[in-house]
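Peer 1: Given the sequences, and given the hints that come with them, work out the whole structure.
Residue numbers (the numbering used here), protein chains in the order written: chain B, 510 to 730; chain A, 510 to 730; chain G, 510 to 730; chain W, 510 to 730; chain E, 510 to 730; chain R, 510 to 730; chain P, 510 to 730; chain V, 510 to 730.
One or more hints might be untrue.
Heads up, incomplete: computed chain E residues facing chain V, CB under 7 Å, no partners named [claimed, not checked]:
1) L517
2) S608
3) P611
4) V635
5) V647
6) A697
Hints in this document: simulated from the structure, not taken from any laboratory.
Where a beta carbon is used, it is the ideal one built from N, C-alpha and C, also for glycine.
Number of protein chains: 8
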Amino acid sequence: MNEGFADLGYARPDLDREQRSGLPEVVYGPGKSPEAITGVVRELLAANTGPVLVTRIEAGAAAEVAVPGGTYDAAARLLVWRPASARGFRVVVASAGTSDAPVAAEAAAVASAVGLDVHEIRDVGVAGLHRLLAEREVLGAADTVVCVAGMEGALASVIGGLVGCPVIAVPTSVGYGAALEGVTALLAMLTSCAAGVVVVNIDSGFGAAMAAHRLAHAARR
Amino acid sequence: MNEGFADLGYARPDLDREQRSGLPEVVYGPGKSPEAITGVVRELLAANTGPVLVTRIEAGAAAEVAVPGGTYDAAARLLVWRPASARGFRVVVASAGTSDAPVAAEAAAVASAVGLDVHEIRDVGVAGLHRLLAEREVLGAADTVVCVAGMEGALASVIGGLVGCPVIAVPTSVGYGAALEGVTALLAMLTSCAAGVVVVNIDSGFGAAMAAHRLAHAARR
Amino acid sequence: MNEGFADLGYARPDLDREQRSGLPEVVYGPGKSPEAITGVVRELLAANTGPVLVTRIEAGAAAEVAVPGGTYDAAARLLVWRPASARGFRVVVASAGTSDAPVAAEAAAVASAVGLDVHEIRDVGVAGLHRLLAEREVLGAADTVVCVAGMEGALASVIGGLVGCPVIAVPTSVGYGAALEGVTALLAMLTSCAAGVVVVNIDSGFGAAMAAHRLAHAARR
Amino acid sequence: MNEGFADLGYARPDLDREQRSGLPEVVYGPGKSPEAITGVVRELLAANTGPVLVTRIEAGAAAEVAVPGGTYDAAARLLVWRPASARGFRVVVASAGTSDAPVAAEAAAVASAVGLDVHEIRDVGVAGLHRLLAEREVLGAADTVVCVAGMEGALASVIGGLVGCPVIAVPTSVGYGAALEGVTALLAMLTSCAAGVVVVNIDSGFGAAMAAHRLAHAARR
Amino acid sequence: MNEGFADLGYARPDLDREQRSGLPEVVYGPGKSPEAITGVVRELLAANTGPVLVTRIEAGAAAEVAVPGGTYDAAARLLVWRPASARGFRVVVASAGTSDAPVAAEAAAVASAVGLDVHEIRDVGVAGLHRLLAEREVLGAADTVVCVAGMEGALASVIGGLVGCPVIAVPTSVGYGAALEGVTALLAMLTSCAAGVVVVNIDSGFGAAMAAHRLAHAARR
Amino acid sequence: MNEGFADLGYARPDLDREQRSGLPEVVYGPGKSPEAITGVVRELLAANTGPVLVTRIEAGAAAEVAVPGGTYDAAARLLVWRPASARGFRVVVASAGTSDAPVAAEAAAVASAVGLDVHEIRDVGVAGLHRLLAEREVLGAADTVVCVAGMEGALASVIGGLVGCPVIAVPTSVGYGAALEGVTALLAMLTSCAAGVVVVNIDSGFGAAMAAHRLAHAARR
Amino acid sequence: MNEGFADLGYARPDLDREQRSGLPEVVYGPGKSPEAITGVVRELLAANTGPVLVTRIEAGAAAEVAVPGGTYDAAARLLVWRPASARGFRVVVASAGTSDAPVAAEAAAVASAVGLDVHEIRDVGVAGLHRLLAEREVLGAADTVVCVAGMEGALASVIGGLVGCPVIAVPTSVGYGAALEGVTALLAMLTSCAAGVVVVNIDSGFGAAMAAHRLAHAARR
Amino acid sequence: MNEGFADLGYARPDLDREQRSGLPEVVYGPGKSPEAITGVVRELLAANTGPVLVTRIEAGAAAEVAVPGGTYDAAARLLVWRPASARGFRVVVASAGTSDAPVAAEAAAVASAVGLDVHEIRDVGVAGLHRLLAEREVLGAADTVVCVAGMEGALASVIGGLVGCPVIAVPTSVGYGAALEGVTALLAMLTSCAAGVVVVNIDSGFGAAMAAHRLAHAARR
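Peer 2: Below, the structure written as C-alpha cells:
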C-alpha cells in the first residue's frame, strides 16, 4: 500500500488517486462479482476519505455488495458511499428525449455524488425548440451544461450556441437504423458548428460527470 | 427513336422521360467530353419541348459545348437550355454556412430551371439561432424547404421542427475529421428527431431540386 | 401550457405542434412505460383536436395504455386515437418482398391515421419485373409512392424511373451478410440513378408516412 | 524454369499457369517500369503459346514496352500479344451509364483477347427501363452477361431476373457521396434479390473477363 | 396468373421464372409462417414442373408445411419437392474448417436439388496445405468449385490458383473479432490474387449453388 | 443589425455572440475569398470590442485580407485582431510527437488570442515515458491540459491519470494505415481509461482552445 | 494417415503439424459437438506425443468429452492433455483491467500448456501508472510480454516503451460505445508509437500464446 | 540530458532508449525538415553507440541531412548511420507480389541496419503456389519470417502453416476497390487460420523489422 495501490490479486485499486488528482477511484460494475466489488470498495473506503462509487450495477447485484453505508440509485444504476456535499458549482443536465433518461440520470447522480449542484432539464429536443428556449435562464446560470442526446444529437449545437460556459456533450445509443447505436450522435457532436463543445463516449453519463468534476476542480483553484 | 430513346453508340438518351414522368433528362457532366455532351443535348432538345440541363460542368467545358441558346451559371456549374417559367411553387433553399454555398447554388439553379420559385437564405447555422428565427416568416410561406448543411447537419432538425411543409435535407461534405466528408451530416439528417424529414445524397443540390420538382408535380394535380 | 408544451417531469409533450406545423405529436413507444404513455397521450388529446399516435408498441403494452378510444393495429404496432378522415391524397406503398411487410404496414397505417388515401402493392421486387410492371397504372395514379425494400433496394430506382411523382424510399433491415442490417439498401437508395428519389431512415415506415403527410400539406395549399 | 516459374529477381512469372489451368499469366501494369514489364512479357511469350496481357497501362508506358507484336487498346488501357481467336462463347457486357465505359471497355477487351465473343450494350441504367428491355433478345442469347454499374448497382438485379445464364456483376466507383467509391454498388450487388448473381472487385473489368474465361472453359469440357 | 405471377395478397410468387430463365422460384424461409409457405409452395408446384425449394427453414417449421412429397435436409435447413435428377455437371464444394459445415451443406443440398453432381471436400483450410493438395485430382475434374471459408478466406485464392474452372467463393461468418462476422472473408475473396474468382454474399451457400446452376445452364447450351 | 447579425448576402456574421456568450465569432478560412473574409472581419471589428480570428488561412491569402491591425501566425495559420490580454488561466498544450506540431500550434495560438496563459510541452509521447514524467510539475500547475496526439493517442490516458484538472484531448491525423487519418486516435481518446477526459474533433486545435476558453469563463464566475 | 492427416469425414486433423512446425494442432471448441471433439482429440493423441488443446469450451461440454487424462481450466475455458513441462522461456501476461481477466487467463493457460513459464500481472492500466511502474523489474526479466487491454489499449504502447523484448498485444472487447467491441483497441495497438509491437486478433489470448510459443521455438534454436 | 532525453525545443530525442531497451531511437522522416532531422541525428549519435536510422525519407531530403557517415537506401527510403554487424539471427522477408517490393525493401533494410541476417524471397503469392513451395528449405531455416502481402494477404496463412518459427505479417496497401488501401489484408492477417501469426500496421516494413529485432533480443538472452 505504500506503493499507492492495494494488490488484491484480481485487482489493484488505485489508492492515491484521490490525493494525486482529486478524482475518486470508481468501480465499473459490469463483469465483477459482488464479492470482488465488496473487496475493492472496502479498500477504497479505508484508504481515502472521499466518495466511493460503483457504476452500472443492477439492483440485484447492488444488494449483495456487503459494505454498509452505501445508497443505491436505481435510475442511475449507481452505488455511492460518502457522497460529497455540494460546493456551489452548477451543472445543468439537459436531455433531448425521454429515452435519454437513463444516461442523464447517471450523469446527474455521479455529479451529485462528487459534490456538484445538479439541475436537470428533460425532453428539450430541438424539434420543439420552444421547450428549450423556455429554459434559457436556467442554462445561462449554469457553470457547465451536460447535454445528453441520441439520434442526430443536434441539441449540443443549439445549446453550444446559446451559452458561453463549457458544454459537455454525451451521445446516446437512442435511435435505430442510421443512428448506428450512438455513433451518429457521437460524430455529429464532434463536428458541432458551435465552437468549443467537447464530447465523451456514447452513453457515458459517468464520463460527463467526471469531466464536470474536473472543471469544478479547475474553477476552484 | 420509336423505342423512346436514341442510340448514339456511347449513350442512350431517354427521350420519353419528359412525357413519361414530367422529369427532364439531365446530363451529368463529369467524365463526358464536350463533344459527347453536345450530341446528347441536341437529341434531347430535338425530341422534347422542356428544359435541358447539364450539371457539374466547369466553365471551360461549358464553353466548348456547341449548342446555341444555353446559359451557364458558374456558381451552380450548370448549363441550361429552355428554362421553364416559374409556376408558383415556392422553394426556400436554406444553407447553414458560407462553405455550403456551392451546393445551395446548384439546388437553387436547378430548381429555377425546372420552373420553381426559389428563395435563398444563407448562413443560418444553428450556432446562432437568431439568424434562422429571423426568417420564420419566409420559412412559413414555403411550399418546400431545401435544407443544405454540412458538419453535424443540425439545421435540418431545427427547420423540420419549425415548419409543416416538406423538408428536403442535403448533407454537404463541408467539415473535416469526424465530418467524414459528409457522412456524418448524412447520418444525422436521416436520424433527425423532426418527423418526416427526407434526405438526398451528399452534396446533391441537384437531387434536392429534382425532389422538389416531383413535389410540385404532385401538388399541381 | 401557455409556453406551448406540458411539463410532466419525465416528458414535455409539444402541445402546439399541430397548430404550428400541422403535424401530430407522435409518441415513440420503445422504452416508455404504459403509465408514461398514458400521461402523454392524455395531454395531447386534451390540448389538440387531431390524431394522436403511439408507434412501435407491442400488443401487451398497448393493452395497458389506459386511454379510451384508441385502436391498435398489430401488423403496424400502432395505437391511434382520433384518426383523420381521408382527404384525397393518394399514397401507394410498394414493397419488394414479403419480409418487408412490417415496415410497409407501419407506413400504411400511419399514413391512413393522418388522413391519406393508402393503396398497398406487395412483393414486387425487381427480380421478377413483370410483377411490378403489372401495376404501372396504379403507380401512375399515385400522388406519392412510398417504396419499401431491403437487400439491395433496387426497387426505388426502378419505380423512380417509372413515375414523376415524389418517391419516398424506405430501406429495410431485411437481408443478411453484406446487407449490413439495412445500411446497404440505405446507401443504394441514396445513390439511386433515378433523379429526385428521397430517403428516410432504415425501417422507418413512420418517417415515410410523415414525409407523405408533409407533401399532402404542401399539395393542399 | 523446370520449377514452373522464371526467377527474374524482381519477379517470378508463373510459366505453367497456362498449362495448369488454361488461364494466361497477366501482368498488372501499375507500379511497374516499362523495363520490368518488358522482361516479364518476354519470359511469358517464350514459355507459352497463348495470349499475354498487360492491364491498366497508360499509353505512354505502353509505347515504351520493348516487345514487338503487341497491340494497345487505349479505352481499355490494355496491351495484348497473341490474342486468341474467338471460339463461340457469347459474352454480353452491359453497362449502366456512360461513366461506366472505361470499366466495361476493360472487360470487353480482356474477354476478346482470351477468345470470347463479346457484344457491348451501353447506357441501359434502370432509371429508363425501356432502354434495357429493348435488348432482351440480345441478353437472352448470351452465354454470360457481365453487368457493369456504379452508384446503386441496380442493373445487376434487373438483368439477373431477366436471364438464366451466369451474371457477373462489376461494381464501379462511379458516383459520389454515399456511393463511397464503389462500395455501395459492391454491397448492393452482393445482396441482389436475383438468385445466383456473382460479384467481382470494384472497377475490375479484368476480373469479370477472367471469370467469363473460366466459365467458357467449363462450358467447353 | 396470365400475368406470370399469382397474387396471394401477402405474396406474388413468380410463376414463369422457370420458363423465363430456367431458375426455380425459391422461397426464403425466415419470417414466413408455415401457412404462408404452404400457400406459395402449392402455387409453384401447380404452375411449374421443376424443383421447388424452401431455404433456411428449421425442422419445427418444416414439419408444419402442409404440402406432401417434400424432403427435409436438416444440415442444410432445406425443404425440397421434385428434386431434379443429376445431369453431369460436377460441382466440388470445398470448405476450410469444420465450422463452415452448415454453409457448405446448404450449397451442396441446393446444388443437388437443382440437378448438379456434388462432391464435398471438408476441412481443407490452408494452414495445413497438404490436406488440400491431396485433393488436387478431385479439384481438377470439377466443372466448378464452390469454395466455402470464413476467417481470412484464403482458401479461395489457393484453389483459384490451382484450377482453371470457375471458382465461386462463399465467405462465412465463422471467426470472431477482426473477422467482422464474415466481412473480412468477403473483402479478402473479392481481392483475391487469383484472377477470375467470383464471390457471393456472406453465408450464402444458396447463392453459390444458384450461381453454379446458371453455369451449368450456360455449359449445356 | 438590431437582429444581432449582419446580412452581407453571402454571410451573416453573428454580431452578438460576444455579448451573448463571451465567445468571439471566428471566421473559418478555407473556401472563403480574401474579399469575403475582409468583409466579415470588418463587420465583427465594428460591432464588438473583443478579439477577431481567422483560422486555417495560408500566408498568401492572409496577406490579401485588407483589414489593418491583424497579425499572422504562420505555424498556426491564424490571423488575429485585438488579441485579449492574458488573465491568468493556465493552459498546458502537450503534444505527443513532432508531427503533431501544427495542431498544437493552432491550439496554443488561439488560446493566447482569447486571453489564456499558454505553456507548450512538445514530443512527450508515451513510448519514452520519462520525457513526460519530467514535466509532472508543469502539468500539476495547469488549470487545463490540452493533449494533442495522433497514432494511438495514448498520451491522453496517461495525462488523464496524472492530473485532476480538465484534460481536453485533440486527436490528430498523424500516422498511416490503421491510424485511419485520425479516427483511431479519436476513438481511443473517447474510450480512455482515465475518467473524465473530453475530446474534440480530429486536428481541431481550434476546438480545444475554444473549449479551454469556455472553461476559463466558468472558472472566473 | 500417410498423407499427414486423418479423414474423419467431418474433419481432417493435421497429424504432422507437430512434426512439421513444432506447433500443436489445437481444436477450436465453439460449434463442435462433444462427440466430434472426442474423435479429433483421440486422433491427435494417437498420432503425436505433445500437448493437445481444446479452446473456448464451456464446462458442460468439456465434461462430455470422453477422452481420459484431460484437465479443464474454467477461467481459460481450456481443456488440455499432456501439457508440456516448462522450459525456461519467461512470458509475462500483463492485463489493463479486471474485465480483461478471461482473455489474460486464456493466454496464460495456453502458454503454460505448451511449455512456457508464465507470470501474470493484473489491473495495471495506464490511468494509474504507478501500478505498472511497480512491476518494472518483472517486465525487464521477461523474454516476452503479452499485453492484454481493451478500451483504448494504451498499455501496449507504454509497455512497448519500457522493454526491449517482444511485446504481443491482445486487444479485448472490453468497453462500450466508441470501443466498438475491441476494434478501437485493435487499431490503437496497430498504430502504437512504440516500435515493433505486434498484434493478434481481438480477444485472442490463444493467438498471443501461440505467437509466444513460436518465439520460444526461435529462441531455442 | 541527465533526464534521459535532449530537449531541442521542437523535439525530445529519447537518448536512453538504446540502454533501456536495446532498441535504437528511429527518426520518422515525413513532415520533418532536413535541419530538424540533422539536429536529432546528431544528438542520437553523440549520446549512443548503436545504429541511428531515418525512415521514409526521399532522396532529395536525405541529401540535405548534414550529418556525415550516413548511407542512403533508395528502395527502402532509409538513411542509416553506424549499421550493426550481423549477429546470426536469420530473417526471411517473403513478399507476395512485385508491387509489395517497397515495403519488403524497408523491412529488409531496417532489419539489416539493426544487425539481423536478411534473406529476401519475392513474388511468391499464393495464386502460383509452386513458387512458394520451391522455397520451403529457405523458410524452414529461418528464425523469423516477415511476410509482406497486399490484396487478400493470404500468404501469411500459408506460410504460417508451413513453418513453426515466428511469422510477422505486414499488410500492404497494394490493390484497389475492396482492398480498402490495405485494411482488407490487415483484417485477413489478423484472422489467419494459422495459429500464432502476428501483425503490424499497414505498409510498416519498419514495424516488422523492429519486431524481428525484439525477437532476436529475446533469442539471444
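Peer 1: Compare the structure with each hint and give your call.
Peer 2: How the hints compare with the structure:
1. For L517 (chain E), the interface hint is violated, the least distance from its beta-carbon to any beta-carbon of chain V being 39 Å, above 7 Å.
2. Taking 7 Å as the C-beta contact cut-off toward chain V, the hint placing S608 (chain E) at the interface is violated, the least distance being around 11 Å.
3. The beta carbon of P611 (chain E) comes no nearer than 18 Å to any beta carbon in chain V, farther than 7 Å, and the hint placing it at the interface is violated.
4. For V635 (chain E), the interface hint holds, since its Cβ comes within 7 Å of a Cβ in chain V; the closest pair sits about 5 Å apart.
5. Of the supplied interface hints, the one on V647 (chain E) is violated, with its beta-carbon coming no nearer than about 17 Å to a beta-carbon of chain V, more than 7 Å.
6. For A697 (chain E), the shortest C-beta to C-beta distance to chain V is roughly 4 Å, which falls under 7 Å, so the interface hint holds.
In this structure, the hints that do not hold are numbers 1, 2, 3, 5, in rising order.
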